[in-house]
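So the sequence lines, in the order shown, correspond to chains D and F.
Residue numbering for the first sequence follows numbering that gives the first Met the number 0, beginning at 0 and increasing consecutively.
Residue numbering for the second sequence follows numbering that gives the first Met the number 0, beginning at 0 and increasing consecutively.
I should point out that these hints are in silico values taken from the structure, not numbers from a laboratory.
Each residue gets a CB set at the ideal place from its N, CA and C atoms; glycine is no exception.
Hints are not guaranteed to be accurate.
Facing chain F, a subset of chain D residues (Cβ under 10 Å, in silico) [said to hold, decoys possible]: (1) 7; (2) 11; (3) 12; (4) 59; (5) 60; (6) 61; (7) 63; (8) 64.
Chain F side only, calculated, beta carbon under 7 Å to chain D, not exhaustive [to be verified]: (9) 73; (10) 88; (11) 142; (12) 157; (13) 159; (14) 164.
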Amino acid sequence: MLLIKCPWCGERDMVEFTHGGDATKVYPKDPNATTSEEWHDFIYLRENPCGEHVEYWHHVAGCRQWLKVRRDTTTHDILTTAPADGDLDT
Amino acid sequence: MGSACVFDKPERLSALSGVIEPGTFGRKIAGGPGITLRERPNLSIIQVAAYADTAEETGAVIQDLIGVLPPPEPNRSIMVDSIQICWIAPHKWWIIETDQRHGAEFIAGHLGNGAAVTSQGHGRSCIRLSGPSARDLLPKGCTLDFHPSRFSAGHCAQTSLGHSNALINCIDDEPIFDLYVFRSYAVSFWEWIADAAGEFGYQVSSSPEHG
Numbered sequence: 000m001l002l003i004k005c006p007w008c009g010e011r012d013m014v015e016f017t018h019g020g021d022a023t024k025v026y027p028k029d030p031n032a033t034t035s036e037e038w039h040d041f042i043y044l045r046e047n048p049c050g051e052h053v054e055y056w057h058h059v060a061g062c063r064q065w066l067k068v069r070r071d072t073t074t075h076d077i078l079t080t081a082p083a084d085g086d087l088d089t
Numbered sequence: 000m001g002s003a004c005v006f007d008k009p010e011r012l013s014a015l016s017g018v019i020e021p022g023t024f025g026r027k028i029a030g031g032p033g034i035t036l037r038e039r040p041n042l043s044i045i046q047v048a049a050y051a052d053t054a055e056e057t058g059a060v061i062q063d064l065i066g067v068l069p070p071p072e073p074n075r076s077i078m079v080d081s082i083q084i085c086w087i088a089p090h091k092w093w094i095i096e097t098d099q100r101h102g103a104e105f106i107a108g109h110l111g112n113g114a115a116v117t118s119q120g121h122g123r124s125c126i127r128l129s130g131p132s133a134r135d136l137l138p139k140g141c142t143l144d145f146h147p148s149r150f151s152a153g154h155c156a157q158t159s160l161g162h163s164n165a166l167i168n169c170i171d172d173e174p175i176f177d178l179y180v181f182r183s184y185a186v187s188f189w190e191w192i193a194d195a196a197g198e199f200g201y202q203v204s205s206s207p208e209h210g
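Chain F with its partners taken away, still in its complex shape (with noise of 0.2 Å):
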């Protein structure tokens, strides 16, 4: 855990606990099931807020603690070493983790005035959303186009899945969305895309602890 860990204590629970059951459910397919979703519990996800004469000078020291600049075109996400920054609104990031290395006071510390940084990890929920109808899946509860020419690794966006706000992020091509949610919205949103997995079959795979 880094220095300026400040989510140590109490220890994290999701709010899917005890809602989500590995497993595999829904219809039956040759070849196995269309659908794969996990959660992934006790993220660290810092939102960066800069203003529009301090986005530039924010985005280089982001690049200075993590290596890579925050895309400045809208709803573009990048990934490195497993963390996710994602375009959310103009000169607004999210930087999510699976650990706390660089945590909200780390880089609030790094930012000094030019930008609020707050920490959204305990108020959200992510969902991973994987399998060859991933895509088939989506648009059952939005309306974005999830075309692979339309919406590939790299792309993310806030829209509304499932009558749930939700930012979606695509990682890969396979593909592998990441859906985070309020975590207060969590367990519906589990119960509507376990419902809308159905038709697909879909397995549930345990959590890792992290990430």
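Isolated chain D, as found in the complex (with noise of 0.2 Å):
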């Protein structure tokens, strides 16, 4: 079991949560000058890293907040957590 850093509630066990994906990929600044490579590229391509990996997850069964967690892929340790709209510490 993972224990989840919420940025408001504290630890809380992972089944309150739900995975959110790779929180790296940035929305496109220019829509309408983006290519189709660049827009697959956005939406499908994903790394697989071995190793830390940035990530949203959703505090769905607490305060329904999306945050970003860095997460170890192969320790599965929760390195830093922080808003979705904020930074994590490095």
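Make one complex out of these two single chains by using the hints.
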């Protein structure tokens, strides 16, 4: 079981959260000037890193806020968390 | 009934009506049942969702109306004149009453566009859990720490309880917990909690018409 530190509620069990996908992808700045290849990359292509990864998680059974989580995919350590629009400590 | 009441008709019917039966059940415990359960039917639950930049003024308006500031701190609740105000998300609260003194329309009228006000009372069921074994029952279906040093009067939390999303509000260190679950899950939740309470022995007290 993972314990994920919600920025508001503190450490909560992973059963209260749902995974929200890769948080490193950034919406194209100018959609009209974005090529099909860039859209394809933004929508479909994901890294599958071995080690640290930044993800969105949703505290769906708790305060229902979205958060960013830096997680080690090999050890499942939760390294840092922040509100979805905040910055993770580096 | 207040002038802003919109809930007079039709007559409200609890989702647990006909399901909850008063009496004493489960294991026989010397000294009496460890758990007491009863429903708090027909509550008014008003959700006030402010914006980040209107949270302070929203809190001030609620304080003017009800006499107490909604808790700005996460997972805290406050009770005044039997009205419970629970933090449920950043700058978002539930105001829970046994009658419609303040009503969603009444509160919305005072808050203007600074907050979204939604009535949730018809969508939730509330079960009051008390008794000396209450703190032993909750961890059977929940991952939170219910030691008195971590969860006492004035603490609330939304979490998963008996596989249902629930708001748990501790209103007294006796202890007394009010458990709010989705109305459509009320019967399933009741079955879970009654089953979980069996080992402690439990009594079900009959519910007042309100609160």
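Evaluated hints:
no. : hint : verdict
1   : 7    : 4 Å, holds
2   : 11   : 7 Å, holds
3   : 12   : 4 Å, holds
4   : 59   : 8 Å, holds
5   : 60   : 5 Å, holds
6   : 61   : 5 Å, holds
7   : 63   : 6 Å, holds
8   : 64   : 6 Å, holds
9   : 73   : 4 Å, holds
10  : 88   : 4 Å, holds
11  : 142  : 4 Å, holds
12  : 157  : 5 Å, holds
13  : 159  : 5 Å, holds
14  : 164  : 5 Å, holds
In summary, this structure violates none of the numbered hints.
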